[in-house]
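**Q** Between the sequences and the hints, there should be enough to build the whole structure, so can you do that?
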Amino acid sequence: MHKKCLQDLNSLWIEASLEAVEKWASYLLKALGNVEVLVQPRPALVMMQVQDSVEKEAFCVGEVLITECQILCQGQRFWGRVVGNQPLRALSLAIFAAARSLKPEAIRSLEGSFRHESQRIKERKDQEKRALGTTKVQFETMTPT
65 MHKKCLQDLN
75 SLWIEASLEA
85 VEKWASYLLK
95 ALGNVEVLVQ
105 PRPALVMMQV
115 QDSVEKEAFC
125 VGEVLITECQ
135 ILCQGQRFWG
145 RVVGNQPLRA
155 LSLAIFAAAR
165 SLKPEAIRSL
175 EGSFRHESQR
185 IKERKDQEKR
195 ALGTTKVQFE
205 TMTPT
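Residue numbering for the sequence shown follows my numbering, starting at 65 and increasing by one per position.
If you're looking for bench data, these hints aren't it; they were derived computationally from the structure. Treat the hints loosely; a few may be bogus.
[Claimed, not checked] Calculated lysine-lysine pairs in the BS3-like style (CA-CA distance at most 25 Å, straight line):
no. : residue 1 : residue 2
1   : K87       : K189
2   : K167      : K94
3   : K87       : K186
**A** Now the structure itself:
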């Protein structure tokens, strides 16, 4: 899989419903076989860096709560990290990382389900955008846009 596709899949696993993520992780666990949880999902604080849009320099915004975990599969370590207190999603991301590296064919077999969930997310975002659009105003005239 090329880099853009992997970034899209990472985003999908982060934005997808927990029900979908749980289903995908369960399927991938079966494909991977023996997986050992080395570090149970736990909260942590990490320093968040962003890039200044004008000078393009990185600076620290502050600490962000994440959930992180670590698994062992076929002698290799894989990590799952996600913003917020989301233990199931962090563990699922670690399983996804292992499958991406060790069983890419198992991920390919989920493509139909990924497309379905992507469409559901797109529809939800479109609905949110339409709802927010009704609250926007032109500040010059104070009229709805």
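**Q** Each hint needs a verdict: does it hold in this structure or not?
**A** Tested hints:
| no. | hint | in the structure |
| --- | --- | --- |
| 1 | K87 - K189 | holds (22 Å) |
| 2 | K167 - K94 | holds (11 Å) |
| 3 | K87 - K186 | holds (20 Å) |
Every hint, counting from the list given before, is met by this structure.
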